[in-house]
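Chemist: Chain by chain, the residues run as shown.
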Amino acid sequence: MVGSNAAEAHPIIFQHILRGVHQGAKLVVVDPRATLTAKRAHEHYALEIGSDIALFNSLAHVIIRDKLQNQSFIERATTGFAALQAEVTQWPPERAAAITGIDASRIEHLAHAYASAKRAMICWTLGITEHHNAVDNVFALINLALLRGNVGRPGAGLNPLRGQNNVQGGGDMGALPNRLPGFQDLTDAAVRNRFELAWGVPLSPKPGWNQTQMFEAMADGRLKGLYVIGENPLESEANSHHIERIFDKLDALVVQDLFLTPTAERADVVFPAAASFAESEGTYTNSERRVQLVRSALTPPGEARDDVWIVQALARAMGHPWIDKSAEEVFAEVRELAPNFRGITYARLAMAQGLQWPVPHKDHPGTAVLHTRLWQDPVDPRVPFMPVDFSPPVERPTVDYPLLLTTGRRLAFYNTGVQSNVYAHPHNQGEQVEVALADAERLELTEGMWVRVTSRRGWITGPVHISASLPPGVVFLSFHFPDQVRTNVLSIDATDPRAGTAEFKAAAVRVEKWSPSQEA
Amino acid sequence: MSPQHRVPQRLLPDPKIVAQSGPISPQRLQLRGLDQALRRAWGMTVTRMIQEVQASGILGRGGAAFPASVKWQSVRDADAAGKLKYGVMNADESEPGTFKDRVLLETDPLLPLTGLAIAARGVGADKVYVYLRGEYRHLLLPIQRAWEVVEGTVPEAVIPLEVRLGGGAYIAGEETALFNSIEGKRPEPRLKPPFPTVKGLFSQPTLIHNVETLANIALAFRDGAGPFRKYGSASTPGTKLVSISGRVNRPGVYEVPFGIPLTEIIEGEDTAQGMQNGQRLQAVLLGGAAGTFLTSLEVAEAAYDYPALRRFGASIGSGALVVFGETDSLPEVAQTLANFFAEESCGQCVPCRIGTVRIKEMLEQFSLSERQVDLRDLAQTMRDASICGLGQSATTALMSLLDRPVLWSKNVDRGKGAV
Amino acid sequence: MEIEESRQLTIDGEVCQVPAGTTLREACLQVGKEIPALCWHERLTPANTCRACVVELEGSRTLVSSCSRMVEDGMVVHTDTPRVLHARKGVAELLLSTMMDDVNAPELQKLAQATEADPAHFRVGETLVQPIRDDNDLYVRDYSQCILCYRCVAVCGEDAQNTFAIHVAGRGLQAHIDTGFDRSLPDSDCVFCGNCVQVCPTGALIGKTEWSLRQENEWDEKKIQVTETTCSYCGVGCSLDLHVLNGRIVKVTSPYNHPVTQGMLCVKGRYGYEYVQADVAHLQGS
Ligand SMILES: Cc1cc2nc3c(=O)[nH]c(=O)nc-3n(C[C@H](O)[C@H](O)[C@H](O)COP(=O)(O)O)c2cc1C
Ligand code: SF4
Ligand code: SF4
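Sequences listed follow chains C, D and W, in order. Reading the first sequence from the start, the letters are residues 446 to 965 in our numbering. Reading the second sequence from the start, the letters are residues 309 to 727 in our numbering. Reading the third sequence from the start, the letters are residues 147 to 432 in our numbering.
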C-alpha cells in the first residue's frame with residue numbers, strides 16, 4: 446500500500462486486506478507517516494515526502510538488474526521495455542536511498558519481496574496523486590506491476606482506492622472535460638455521433654476545462670459564470686486565499702448543495718439539494734467499479750430537490766423542452782449510449798447487490814478483474830511502459846519554512862466536515878497541529894500549546910499534538926474542521942497539469958508558538 | 309507396605325543417591341542412570357522409540373490416563389506439512405491436594421527433563437516449553453540448569469527450552485488453555501478436536517505431558533520396557549506418585565505400584581502410617597477436587613488401579629488422596645470444593661460459568677437433601693455441555709457424595725450442609 | 147480441478163452426505179433440523195461458548211457443540227434426545243438466572259420458550275445486574291443483559307475490525323467484556339464503528355438513539371421501515387440499511403451477505419447520517 450492510510454480512510458477495504466494478512470498475505474506500507482495502516486503492516490517504509498518515484502524507479506532497477514522481471518509477459522504484452530530499462534539503470538538503490546531516506550539494503554529487500562510474490566497488488570490513495578507530478582507517480586507504479594505481470598489476474602493489479610463515494614461514478618457519467626458517459630472519448634467522432642443522434646444537438650469535439658484550468662480562467666477573467674454542484678471549493682481547494690480572490694471575480698455563481706456552505710454563502714443563487722444517499726434515487730460507483738443503487742428513505746426538507754430534478758428544471762427554465770425523467774429513466778439512456786453499462790438495470794442492481802462494469806449485456810455477471818486480455822493471445826494493443834523521472838516537491842524546506850506540511854484524513858471525519866461534523870462523535874475535539882517529537886522538542890512545544898503555522902500563502906493557528914507517528918520535519922493537518930483551522934490556506938496549488946490535482950501532500954511551512962493575544 | 313508392594317525407589321531417588329549427589333549435578337544424572345536413558349534413546353530410530361513407549365504401556369499421569377504412545381504417534385504423523393512442532397512439560401500442578409510434581413522437580417529435576425529431551429526427540433519437536441505453576445518459581449532456575457546438564461550429556465539434543473510461569477489460574481493447567489497462556493492469550497480452553505497433537509501450541513502439532521509422565525518416560529528408556537513393567541499391574545504398568553493429605557499420620561508424596569490396595573497406602577509404614585490419633589476413617593477423596601469420595605467400606609475393598617476403581621465410579625486422577633476422619637463434615641468439604649470451581653472457572657461457557665456459582669450458592673443456602681434434585685439436574689447439564697474438563701467434572705465429587713448418603717445424612721446437627 | 151470430498155453421516159436416523167468441512171450444525175440444517183444457537187453468528191468464527199447448540203454424538207462422552215464440530219465419516223448424531231433437550235434448557239435457565247425478566251434478548255427468549263425453561267429455576271443468588279454505561283452519544287452498554295457470547299470481541303478483533311478495543315476480563319461469573327480497566331469508551335481504543343452493536347444479540351450493546359427511544363417507549367419495531375442504500379462517504383461503497391421511524395433515521399446496519407461490507411461499517415457509515423436530519427437552527431448556526 447503506497448500513500449494510503451486505508452485503516453482510517455477506507456476502513457472496510459482495510460478489513461478485507463487484513464483478512465488476507467491473517468491468511469498469510471504480506472502487507473507492506475510505503476508512507477512518510479507511521480499511520481495506523483503502517484502499524485498493522487509487516488514492513489513499513491517511511492520515505493521522504495514526495496520521493497516516491499525515486500523509490501519506485503529503484504525497485505524497478507533492482508528487479509531488472511537481478512533479472513527478476515516476467516520476461517515472457519513483457520515480450521507478449523508490453524512495449525517500451527528498453528526505454529524503461531534505460532531510465533531505471535540510473536536508479537541504483539544507493540542513489541534512491543539518498544533521496545528517499547530508506548536504506549539501500551531495504552530497497553533491495555523490498556524489490557525482491559515484490560518480485561518473489563506470485564501475486565502482488567499495489568493499492569494507493571492520495572499520497573500518490575496529491576502531488577504536482579501525480580500522473581508520473583502512477584506511471585512509476587504501473588511500470589512495476591507490468592514488470593512482474595501483476596495485472597489482469599485475480600489477487601494482482603493496481604488499485605487506486607477512491608476517496609469519495611462517487612468519484613468513480615462521476616467519471617463514469619462523463620463529468621470529466623474529455624469524456625462522455627460510459628467513460629467514452631469525446632474526441633472520437635463515432636462516439637460523439639452516437640450521442641448527437643440521441644440528444645439531437647451537435648457536440649463540440651473540443652475537451653472542456655478541468656478544474657485547474659477553470660480556476661486559471663477565473664483568475665484572468667475568461668470564465669465569468671460558475672455552477673457548483675455539491676462541492677465546497679472555498680474550503681477544499683489548495684491555497685484558499687487565492688481561491689477566495691478568484692471567486693470574487695465571478696459575475697455569477699450558482700451553488701447546488703445540501704447546506705449553506707461558505708461557498709454557497711457567496712452564491713448569487715442557491716439550489717437546495719436533497720441528500721443523495723438517503724433522500725434521492727440513483728447510483729454510485731465505488732472503487733472496484735461496482736455500480737450500486739441509492740434509494741430514498743426520507744422526504745427532503747423544505748424546498749430541497751433531487752439533483753436530477755434541479756438540472757432538468759434548470760434546462761427547462763433556460764428554454765429547453767426537457768421532459769422530466771426519473772433517475773432510473775436517465776440511467777436507461779446511459780445504458781443505450783454506454784456499452785460498459787448496457788447490461789445494467791436497476792432491477793439487476795437490486796438483485797445482485799451491485800454490478801462491476803463493464804457489463805456488456807443483460808446476462809453478463811459483471812467484471813471483477815480488468816485487463817484480463819493481457820493474458821490472452823494476441824495482445825492487441827499492447828500496454829506501454831512509461832518511463833518517468835523523479836522531480837522533488839515544488840516546495841522544499843528552507844530556512845524560513847523549514848518544515849513540510851502534509852495533509853490527510855482522520856477516521857471519524859470527512860473532507861471539509863460538512864457531513865461529518867454534525868454527528869456526535871466522542872473524539873470530535875477539533876483540529877490539532879500534529880508535530881513530530883523531535884521538532885516539538887526543538888521548538889519547545891508541549892501538548893495542547895497553541896501554535897501558528899505559516900506557509901508562503903497564509904497562516905493558521907491551532908493546538909499542538911505531539912505525534913510519535915511523524916518523522917522529523919513533517920507537520921500533519923487534516924482539513925475536516927475548516928471552521929476552526931483552515932488548513933488549505935496553507936497548502937500549495939502547484940498542480941499536475943494532466944490530472945488537475947494540487948500538491949496537498951507537501952507545502953513548506955514554519956511552526957511557531959502563538960498566543961491568542963497576538964491576534965489583535 | 310507389604311513386601312509384595314514395596315518398590316525400589318524409581319521416580320523418587322534413593323536416599324543413598326540423594327546423599328551422594330546434588331539434584332542437578334552430572335553425577336546425579338549418572339547415578340540415576342539417566343545418561344544411559346539418553347544414550348539408549350539416541351541410539352534408536354524414532355519408530356523404535358515409539359514402540360518402546362508403547363511396550364512400556366505408560367499412561368499419562370496428568371489426570372486423563374491417556375496412552376502416551378498414541379500421542380507420540382499422532383504428533384509424529386502430523387509432519388506432512390513440514391511444520392514446526394513443540395514439546396511441553398505441564399508443571400502447572402494446581403489440583404487441590406496434589407503436590408507430587410513439585411516434590412519430583414525439587415528432589416530430582418533431571419528425571420523429568422531427561423524424559424522431556426527424549427520425548428522431544430521421539431516426536432521431532434523443534435522447541436520445548438515448561439509451563440511452571442507461578443508459586444513454583446523457585447524451581448525456574450533449577451529446571452533451566454537441569455536442562456543444561458541434559459544437553460551437556462547429549463549435545464545433539466540441544467533444542468531451545470523456555471520456562472513460562474503461570475499466573476495463578478487453575479484452568480491454565482488444562483492443556484489447551486495452557487497453550488493460549490503461552491501464546492499470550494487468556495487461558496481459555498479450546499474446543500477439541502482438533503487435538504493438541506495435530507493443532508496445539510501456536511497451532512502446531514504439540515506433545516504435552518505431565519511432569520510425572522515424562523519422569524516415567526525417562527525410566528522406561530533407562531530400564532527398557534520389560535523391566536519397566538516389572539512393577540504395577542498388567543493394565544497399568546509402573547509406579548505412581550500419590551499425594552496424601554488430611555487426617556493421616558504422615559502426609560506426603562509416596563511412590564506406589566499400581567494395583568496396591570488403598571488401605572495399604574493409608575496404613576503402610578513406608579507411606580502414610582495410618583490415621584491421626586487413632587481416628588476412624590470416614591472417607592477418602594480420590595483424585596483431587598474433581599475426584600470421588602469413597603466410603604471407608606469402599607476404601608477397604610478398593611485397589612489403586614483404573615479398572616478396579618471403575619467399579620466405584622472413581623479414578624486415580626492426579627494421584628491425590630485426601631483422607632477424612634469421622635469428625636469431618638463432608639458437606640462442608642463439598643462447599644469448599646464448590647467455591648474452588650466457582651473461583652477457577654474460566655468463564656467461557658455458560659454451563660460452567662453460571663453453573664459453578666449456582667452450585668456454590670445452593671450448597672451455601674440449602675442442605676444437600678433440600679436441593680438434591682436441582683443439584684443433580686444442574687450437574688448433568690454441566691457434565692454434558694461444558695467445554696472442558698473443569699466444568700464437566702466440577703460436580704463429580706459432589707455427585708459422589710450425594711450417591712453415598714452415609715457420608716452426609718447422619719450429620720444432622722452439623723450446620724447448613726447437613727440435612 | 148479440485149474434487150470436493152464428501153462425508154457421510156447419520157442424523158436422527160437419516161443418512162446424509164455433506165461436503166467435508168461442513169459443521170454438524172450446517173449438516174443438520176441440510177436435513178431440515180434447525181439447531182438453536184446464541185453465540186454463533188454467520189459472519190464470525192464460532193466461539194462455541196453458549197453451548198445451546200449441543201447435540202449427541204455416539205461415541206462421545208459429552209455432548210458436542212454442533213456450531214464448530216466438523217463432520218466426519220460415519221458420525222451418528224442425535225439432535226433431540228432427552229439429554230440434548232435437557233442441556234439446552236439448562237443453558238437457557240442458567241442465562242436467565244443472571245438477568246432481569248425484561249431483558250431485550252429475543253434469541254435467548256426464543257430458546258427459553260422452545261425449551262420450556264423456567265427463568266426462576268436457578269435464580270438463587272448472584273446476577274449480572276449493574277449500572278448502565280452511558281458514556282458517549284453513539285452507543286450505550288448495559289452489561290446486565292450480556293450473555294458473554296464473545297461476538298463483540300470477535301468482531302472488534304480479527305474477524306473484522308482488527309481494533310482489539312475490548313476483550314473478556316475476569317473469570318467465572320465475574321468474566322465480562324472490558325475496555326481495559328473499565329475505561330470509558332472515549333478513553334479506550336474504541337473507534338466507534340459500532341460493528342459490535344450490530345452483532346450483539348441482546349440489548350447489552352445498543353445504539354444511543356434506539357436506547358433513548360426505548361426509554362421513552364417510542365421504539366416501535368413494527369413502524370420501522372428499512373431502506374437499502376449506499377453510503378455517501380468514501381469510495382468503498384458500503385451498503386447501508388437505513389432504519390427509519392417517523393421520518394427519521396434511527397439506526398443504520400449493513401446486510402451480512404453484501405459483497406463489500408459483509409455486514410461491517412465504519413463510524414461514518416453507521417453513525418454519520420445525522421447531517422441529513424440535523425435541525426435547521428444548528429445548521430444555520432454553523
Ligand atoms: C481443569 C484442568 C486442569 C488441569 N491441570 C493440570 C495440571 O495442573 N497439570 C497437568 O499435568 N495436567 C493438568 N490437566 C490435564 C491436562 O489437560 C493434560 O491432560 C495433561 O497435561 C496431559 O498430560 P499427560 O498425557 O502426561 O497426562 C488439567 C486438566 C483440566 C481439565
Ligand atoms: S468448562 Fe469452565 S473452565 Fe472449561 S471452558 Fe467452560 S467455563 Fe471455561
Ligand atoms: S456485549 Fe453483546 S455481543 Fe458482547 S458478549 Fe455481551 S451479549 Fe455478546
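There may be inaccurate statements among the hints.
[Stated by the list, open to error] Derived CB-CB ranges, DEER-like:
{"#": "1", "chain 1": "W", "residue 1": "E364", "chain 2": "D", "residue 2": "E470", "range": "35 to 45 Å"}
{"#": "2", "chain 1": "C", "residue 1": "K484", "chain 2": "D", "residue 2": "Q317", "range": "28 to 38 Å"}
{"#": "3", "chain 1": "C", "residue 1": "R943", "chain 2": "D", "residue 2": "P468", "range": "41 to 51 Å"}
{"#": "4", "chain 1": "D", "residue 1": "E634", "chain 2": "W", "residue 2": "G271", "range": "49 to 59 Å"}
{"#": "5", "chain 1": "W", "residue 1": "T273", "chain 2": "C", "residue 2": "A792", "range": "20 to 30 Å"}
{"#": "6", "chain 1": "C", "residue 1": "K484", "chain 2": "W", "residue 2": "D324", "range": "56 to 66 Å"}
{"#": "7", "chain 1": "C", "residue 1": "K484", "chain 2": "W", "residue 2": "S358", "range": "52 to 62 Å"}
{"#": "8", "chain 1": "C", "residue 1": "H487", "chain 2": "D", "residue 2": "G534", "range": "46 to 56 Å"}
{"#": "9", "chain 1": "C", "residue 1": "A543", "chain 2": "D", "residue 2": "R347", "range": "35 to 45 Å"}
{"#": "10", "chain 1": "D", "residue 1": "E470", "chain 2": "W", "residue 2": "D324", "range": "26 to 36 Å"}
[To be verified] For lysine-lysine, the following DSS-like pairs were computed, each having C-alpha atoms within a straight-line distance of at most 27 Å:
{"#": "11", "chain 1": "C", "residue 1": "K471", "chain 2": "D", "residue 2": "K391"}
{"#": "12", "chain 1": "W", "residue 1": "K179", "chain 2": "D", "residue 2": "K500"}
{"#": "13", "chain 1": "D", "residue 1": "K493", "chain 2": "C", "residue 2": "K484"}
{"#": "14", "chain 1": "W", "residue 1": "K354", "chain 2": "W", "residue 2": "K368"}
{"#": "15", "chain 1": "C", "residue 1": "K471", "chain 2": "D", "residue 2": "K500"}
{"#": "16", "chain 1": "C", "residue 1": "K669", "chain 2": "C", "residue 2": "K651"}
{"#": "17", "chain 1": "D", "residue 1": "K507", "chain 2": "C", "residue 2": "K651"}
{"#": "18", "chain 1": "D", "residue 1": "K324", "chain 2": "C", "residue 2": "K471"}
{"#": "19", "chain 1": "D", "residue 1": "K500", "chain 2": "C", "residue 2": "K563"}
[As the list claims (entries may be wrong)] If the Cβ cut is set under 10 Å, some of the chain D residues that face chain W in the computed set are:
{"#": "20", "residue": "D322"}
{"#": "21", "residue": "E456"}
{"#": "22", "residue": "E459"}
{"#": "23", "residue": "T461"}
{"#": "24", "residue": "V462"}
{"#": "25", "residue": "E464"}
{"#": "26", "residue": "F510"}
{"#": "27", "residue": "M690"}
Calculated from the structure, these hints are not laboratory results. All C-beta atoms, glycine included, are put in the ideal place defined by N, C-alpha and C.
Chemist: Assess, step by step, whether the Cα of K324 of chain D is no farther than 27 Å from the Cα of K471 of chain C, and give holds or violated.
Modeler: Not satisfied, since the Cα-Cα distance of roughly 60 Å exceeds 27 Å.
Chemist: Checking hints one by one. Is D322 of chain D an interface residue toward chain W, by the C-beta closer than 10 Å rule?
Modeler: Violated, because the Cβ-Cβ distance from D322 of chain D to chain W comes to roughly 41 Å (cut-off 10 Å).
Chemist: That 41 to 51 Å hint for R943 of chain C and P468 of chain D (C-beta), does it hold up?
Modeler: 57 Å, violated
Chemist: A range of 56 to 66 Å was offered for this pair. Does it hold for the Cβ distance of K484 of chain C and D324 of chain W?
Modeler: Because 23 Å falls outside the window, the suggested range is violated.
Chemist: Taking the CB of E364 of chain W and the CB of E470 of chain D, does the distance hold inside 35 to 45 Å?
Modeler: 59 Å, violated
Chemist: For T273 of chain W and A792 of chain C, compare the CB-CB distance with the range 20 to 30 Å and indicate the outcome.
Modeler: 52 Å, violated
Chemist: Take the C-alpha atoms of K354 of chain W and K368 of chain W, compute the straight-line distance between them, and say whether it is at most 27 Å.
Modeler: The given pair, whose Cα atoms are some 19 Å apart, holds under the 27 Å limit.
Chemist: Given the proposed pairing of K471 of chain C with K391 of chain D, does the C-alpha separation stay at or below 27 Å?
Modeler: The hint holds at about 20 Å.
Chemist: Would the hint on V462 of chain D be counted as holding, given a Cβ-Cβ threshold of 10 Å to chain W?
Modeler: 40 Å, violated
Chemist: For the restraint on F510 of chain D, tell me whether the closest CB of chain W is nearer than 10 Å.
Modeler: This interface hint is violated because 15 Å lies over the 10 Å limit.
Chemist: Does the closest beta carbon of chain W sit nearer than 10 Å to the beta carbon of E456 of chain D?
Modeler: 36 Å, violated
Chemist: Given the hint that K500 of chain D pairs with K563 of chain C, does the C-alpha gap stay at or below 27 Å?
Modeler: 35 Å, violated
The structure does not agree with the numbered hints 1, 2, 3, 4, 5, 6, 7, 9, 15, 17, 18, 19, 20, 21, 22, 23, 24, 25, 26 stated previously, though it agrees with the rest.
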